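Asks: Make the full structure from the sequences, and use the hints.
Heads up: the sequence lines are chains A and B, in that order.
Sequential numbering from 66 applies to the first sequence in my numbering.
Sequential numbering from 66 applies to the second sequence in my numbering.
Hints were generated in silico from the structure; no laboratory data involved.
Incorrect hints may have been included.
What the hints assert, rightly or not - FRET-style restraints, in silico, Cβ to Cβ:
#, chain 1, residue 1, chain 2, residue 2, range
1, A, E358, B, T107, 22 to 28 Å
2, A, E350, B, Q345, 38 to 44 Å
3, B, P347, A, R89, 38 to 44 Å
What the hints assert, rightly or not - In silico EDC-like pairs for lysine to aspartate or glutamate, Cα to Cα no more than 20 Å straight-line:
#, chain 1, residue 1, chain 2, residue 2
4, A, K362, B, E90
5, B, K367, A, E90
6, B, K148, B, E349
7, B, K406, B, D162
8, B, K367, A, D270
9, B, K362, A, E358
10, A, K367, B, D82
11, A, K362, B, D82
12, A, K145, A, E169
13, B, K362, A, E90
14, A, K367, B, D270
15, B, K362, A, D82
16, B, K362, A, E355
In this text the structure is predicted, and so the values were computed from the model without any measurement.
Note that CB positions come from ideal geometry on N, CA and C, so glycine has one too.
There are 2 protein chains.
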Amino acid sequence: VPVKTIEWRDNSVRMIDQRLLPARETIRIYKDYKGVADAIRTMVIRGAPAIGVAAAMGVALGIRGYSGTRAQSRFALVAKALKSTRPTAVNLAWGVDRMGRVLEANLSLDAAHLFRVMRDEAIAICREDIEANRAMGKFGAELLSASNTILTHCNAGALATAGYGTALGVVRAAKEAGKKVAVFADETRPFLQGSRLTAWELHKDKIPVTIIADNMAATVLRSGRIDCVIVGTDRTAANGDVANKIGTYPLAVMARRHNVPFYVAAPLSSIDLNCPSGDQIPIEERSGLELTEFRGKQVAPKGIATFNPAFDVTPNDLVTAIITERGVAYPPYTESLKALKDSARPPK
Amino acid sequence: VPVKTIEWRDNSVRMIDQRLLPARETIRIYKDYKGVADAIRTMVIRGAPAIGVAAAMGVALGIRGYSGTRAQSRFALVAKALKSTRPTAVNLAWGVDRMGRVLEANLSLDAAHLFRVMRDEAIAICREDIEANRAMGKFGAELLSASNTILTHCNAGALATAGYGTALGVVRAAKEAGKKVAVFADETRPFLQGSRLTAWELHKDKIPVTIIADNMAATVLRSGRIDCVIVGTDRTAANGDVANKIGTYPLAVMARRHNVPFYVAAPLSSIDLNCPSGDQIPIEERSGLELTEFRGKQVAPKGIATFNPAFDVTPNDLVTAIITERGVAYPPYTESLKALKDSARPPK
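Replies: The structure is reproduced here in structure tokens:
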């Protein structure tokens, strides 16, 4: 049974609450854009492609009942609220801006018709995300041999996307192609996307998965047991610098040290050609409570200082290849990523 | 108020239960060696020097009431039980073996006298550990400049020793010498020695401390904010390979990548000249429950596979210097460590 990360139903947006997994499978239902914005900010839903879809659906909810110039100013307000929830993933802005272009092309419609067009566009973004992941999975699976142990970080799976996953999409596609796959999953502090989410969805799919703490990845890489590392990305710059969940950068360094290929599964929506290099990617800092508390229980001394960056940037020279839904990009990325983006049909 | 990690009082061994810190300060009292062995195994007490002291005190409790050849066979049993609790830290065997030599030298005493001699030896080991840490601190502090931000991993502090600490002893000595110090502490999964213990004892001593997740250390090192890394060790081989808490090895790799000195604070009791290199150091694997549960609450899916090595080995070429209570060792360590060990007076 595939996981439904996010779904449009009965003019509302449904999400599985990822903060409670795997202990509880709770569905949240949002009827307005503010609820969706809160869900993104508080990580009910997370993962760059998934929050891109959520933001698009949030826009559709937000402009409901508006048309013409009133819809335009309403969109400006809704877009700002949604884009401000999390700064690093470029998919968020990508999803919102695509909805904005559809709005501009349909300003002559009455409110009811405009809402239907916007709703259908959000649903299309959701469907296309899954299709992109399946295409990416096929390209990625070709990089793998007949039997593979893959190390991954965070959750770049069905739960991070509309479905199927990016990095875990490659794992799934390899399995579907008859290859043998097993996964080591970094638990990924502080939110534990690895031990809670990656482990949960792979376990459901009967793909063997072994949990380690983030600081154990170096030992596993040194042991020679890992054939490749595959991770997702929240934003990849034009030069191939990769922003992804905190801990990806040291993982890439250790992979290089132990001669293990380091692959990034990146839908074209996460590649930002307007961003020349990783230095220009804004890195979100989240609340220190993620480090000092665990499910409301105090772990560290009260009043202690914290630093909690949610992402880091892996320099392009540590990235063996970038897997997209249009093919695999190799260095120099400034050329290969641009060529892949150019080859993609413009969004309708 | 200094932390009392372990104390001999009224013919029993008292320890602060480190599993409950910082939420609760609970003292455990052990009257027999089996209790002490359990305390080491379950990490009521941890840290290589601290468990060396605990094991010595455990031997004293264990041989109480015995003398002559009965004391010898009793010692064999007690020593085996204590040594088998945790395999990586060499201090455990060091403490037990030192007690064994005292036993052999006092076989003519009656049981009451023998117990007093053994008890006094265990108390001496405890006192000497603090003295060694203070000496180590002074040597280490000389390596630091007037103002320092130090990154550390796990807890090599007062709680890991009889008192004062090894890596944190260097921090304390630098402060006592009038230098400015601030600390970044890796939280250190899965047991959270950094956010629970290092943060707690430095906060008590009013030394500024900032908690980060282990996977954030690379970002902090890249930022240029860190002047040096200082860690402890559970066993350092004759060639300077350093076994320490899991995550130390990737930390050393990242420190080298960003040109940050990487220091190891190692009492001579933790340097094992009988172990030629890190390959020969046994690495403890602990229960996967440390990864799948948090204070008894399920975090990961039930039945998931885990890999939980408690230590890793940092190769000697990544170690800038090793700080001992007899001075600072530089490469080549095979020579410098042997010279320092030879210079130490043999245990009485």
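Asks: Find the hints from earlier in the document that the structure breaks and name them by number, from lowest to highest.
Replies: none
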